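Using the sequences and the accompanying hints, generate a full structural model.
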Amino acid sequence: MSFHWRSVETNDLRRYISNLQLMGCPDRTIRAIVLAEVEKLFWAKTLEHVRPYADPWQNELRRLGRKAQPQRARALSAEKLALLRELLGPETPDVVNEDMMGIFEATGIVGYLPEKKSKQIISLIDRYAQETQELRDDADNILLDEDRDRMAEMEKGFKDKLFSLLDPAEFEELACRAQLEAGPPGVHLDGVEMTGAELRQLCQLSRSVTDVLRDPWEPWEDRMRESPEKEQRGKEFQGKVAALLGEGRRTDLERAQDPKFRETYSFTRDHDLPKAKAVSLFEARLAIEEQAKELKADRSLSSDERETALLVLNDAAVQRLSTLLGPEAAKSYFENRSDWLEQLMPKKTETPEAGR
Amino acid sequence: MNRSRILWLSLGVNVVLGVLAFRALQPGSASAPAHREIPNQAGAVSNAPLSDAPSANPALAQLALFHWSRLASDNLKTYRDNLRGVGCPEPIVYAILADEIQKLFAERRQALVVSYQNEYWEKAAREGDRPMTELFTESYKALTEEAEKMLEELMGDWLKRFKGEQRIEQRKREWRVRYSWLPTEKRDRLIAMEEAFWRRRLEVEVSTPTGADLDEASLKVIDDEMERMHRQLLTAEEYDEFTLRRSTEARWADQAFAFEPTETEWRAVARLRNDFEKVRKELPQDESEETKATLEKMEQELEGTIAGTLGSDRYAEFKRGVDSAFIETFRVMKRHGLPQEVAIQVFNIRQEAQMHAEEVQKLAPEERETLLRAIRQETENTLANTLSPRVLATYMEYAGGWIKGLDEKTSEADP
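Chains as they are written, first to last, in my numbering: chain A, 1 to 356; chain B, 1 to 415.
Just so you know, these hints were derived from the structure itself, not from any lab. Hints are supplied without guarantee of correctness; some may be wrong.
[Unchecked claim] DSS-like cross-link-like pairs, simulated, lysine-lysine; straight-line CA separation at most 30 Å: (1) A:Lys240 x B:Lys123; (2) B:Lys123 x A:Lys116; (3) A:Lys116 x B:Lys141; (4) B:Lys123 x A:Lys275; (5) B:Lys186 x A:Lys116; (6) A:Lys45 x B:Lys186; (7) A:Lys67 x B:Lys319; (8) B:Lys172 x A:Lys45; (9) B:Lys103 x A:Lys117; (10) A:Lys45 x B:Lys163; (11) A:Lys119 x B:Lys362; (12) B:Lys149 x A:Lys67; (13) A:Lys159 x B:Lys123; (14) A:Lys117 x B:Lys123; (15) B:Lys404 x A:Lys230; (16) B:Lys334 x A:Lys67; (17) A:Lys80 x B:Lys163; (18) B:Lys141 x A:Lys275; (19) A:Lys117 x B:Lys141; (20) B:Lys103 x A:Lys80; (21) B:Lys123 x A:Lys277; (22) B:Lys297 x A:Lys235; (23) B:Lys103 x A:Lys119; (24) A:Lys80 x B:Lys172; (25) B:Lys220 x A:Lys80; (26) B:Lys123 x A:Lys260; (27) B:Lys123 x A:Lys119; (28) A:Lys67 x B:Lys141; (29) B:Lys334 x A:Lys156.
Quick caveat: nothing in here was measured; it's all calculated off a predicted structure.
Now the structure itself:
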């Protein structure tokens, strides 16, 4: 071949593209080449920026330098996108490579939409999440009224665009999936059997407590901050969940709210044990704890008698749990999850707890 | 990490990070060998018309005659060799092949999306508390790894080397700033030396198969040698300064707000803390009560020595600067553009109120309750007189939780 790459490449990216087109290079390949070249260009730009020198005792100067970094990264990112759009067309999405893991994860959530629409949504959500994050960063996460107004504007703009892209049913589906991914607030569902339709309805209801699509970057502590109004909404939501699941699953739902059951359920799941085992294990634990409590409160026992009784209880508990779980799971349970059992045992100097 | 965060990592930041991660895989290092440079300016796009007819331009005519199909091949090794054969730079070869592999896997990925979507809610109901994205990406991971392996088979260690070169280039820029306290000539020699050592480390990384552990012994040999060379290159005084500046303890005042040490203070405390660390490392690495007691005593002594070095006022300023109660106050005031003095004033109001609340704890419940309510009322009034309503509202929202706690202490203290 007498052809050399030198004759196609040039410092002028538009001409480079035109040269590639002239030799019949497929559009998709041109896009891959342009992305690589633009990346190279901007890599050099990031290197150009050197943080100003600050001695280790110059706290304020260093903080300012650190604060400027993301701003500069954002400016460069915007500049890069503008260049890519100029080269590859205005339709070039913010997120240019749809095949990577992050995008694919997002596709998991919006994949119910037609392909083109799903890409538009990912791009929109990405931009919105970035904008709200930037606002929070700039405000040092302390939002003033004007920030909240700006946030509300952003939310409105975001939702307007979402509504223009999605019909109401599609929007509803996205909102429900967002709730699911964030975990329905204020209710645990471990071991509660549900149909897909019920779970979806539950996610829909949970939007009355916290709407994940509203402010994606709201810090968790803010989201969880108690207020009487929020508490009320939470109670109403829990009532609706109970009604949705009906009497038949009321016990399951109540049990799922107990951290001890959740811990037990997680263990049985990890060991591929059926839910019934989790329930039996949980009930056994409650019974053992109750017995230990009674022994500790029994003033008729001397300290030695109490200690002996607790040790007997412990042996019986170990026996009972081992039978319940089988040798392999029991071994793992006693190694990793039986702190509660150890805590039931007396310290030598322990006195009755009566009156507490 | 809460799941709401996880969601937005999926939908937001992960997208961005994913882009960055992928782009890190994209070619583009200024240091990559034998690549032509694109001018380092946004004007890499000309507005000149692109209407040159191939017939009028011999170079274009050559392009028109050479069709891309002579390079492309379904066999990716052939495609790669063809591109290399015409002098295509390695980053571009990489980008083209990565794209081809993505195309190959697109159908399988799509099938995965469809199967997942068809029973999204039913699957979610079966999975319980587990985020669906986690489930989804698990199945995707195997596919991604397969694609990465294919690319590695085609490109060998090129990517590792390329990314390593980028890291070194970035470090060189940082070193130039970090070592600017040294005379220029000495600084440049230090940078050249560090670069050489980092290249040796890179060779160890490149020669390690993907997924395998790095040969720590080889890395240690390199690091030890680098340390010896530092000592040889720098004077005793420079070396001392070099080690002090790069020690973790050099950042002792980093997290302090409204406190900026002087150079003398910084140096003195950094040395004290470094000395302390040296001794601490000599202690037995156990959890015994004896060790804990020794450590506690040493820490108290260290604090005492630091206080003596800084002087009581400056020490108090430093301690205030790292107090989370002060930091949250400082941030609120700064957000409103208020000087640090206001933050200090508000912090003092808080401390005083809490001190009074503590003092009345020993009183009888009724009297205590009355007094605590009075302290709270007075504190609220003082704050209202100190801050504008707007600032006060922000303060109450972000840093004022303690005020409510003033008279809540009553019930806690009851027997």
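Results of checking the hints against the structure:
no.	hint	result
1	A:Lys240 x B:Lys123	holds (23 Å)
2	B:Lys123 x A:Lys116	holds (25 Å)
3	A:Lys116 x B:Lys141	holds (23 Å)
4	B:Lys123 x A:Lys275	holds (17 Å)
5	B:Lys186 x A:Lys116	violated (57 Å)
6	A:Lys45 x B:Lys186	holds (27 Å)
7	A:Lys67 x B:Lys319	holds (24 Å)
8	B:Lys172 x A:Lys45	holds (15 Å)
9	B:Lys103 x A:Lys117	holds (20 Å)
10	A:Lys45 x B:Lys163	holds (17 Å)
11	A:Lys119 x B:Lys362	violated (65 Å)
12	B:Lys149 x A:Lys67	violated (38 Å)
13	A:Lys159 x B:Lys123	holds (28 Å)
14	A:Lys117 x B:Lys123	holds (24 Å)
15	B:Lys404 x A:Lys230	holds (19 Å)
16	B:Lys334 x A:Lys67	holds (14 Å)
17	A:Lys80 x B:Lys163	holds (21 Å)
18	B:Lys141 x A:Lys275	holds (29 Å)
19	A:Lys117 x B:Lys141	holds (24 Å)
20	B:Lys103 x A:Lys80	holds (25 Å)
21	B:Lys123 x A:Lys277	holds (22 Å)
22	B:Lys297 x A:Lys235	violated (51 Å)
23	B:Lys103 x A:Lys119	holds (17 Å)
24	A:Lys80 x B:Lys172	holds (24 Å)
25	B:Lys220 x A:Lys80	violated (40 Å)
26	B:Lys123 x A:Lys260	holds (25 Å)
27	B:Lys123 x A:Lys119	holds (23 Å)
28	A:Lys67 x B:Lys141	violated (35 Å)
29	B:Lys334 x A:Lys156	holds (29 Å)
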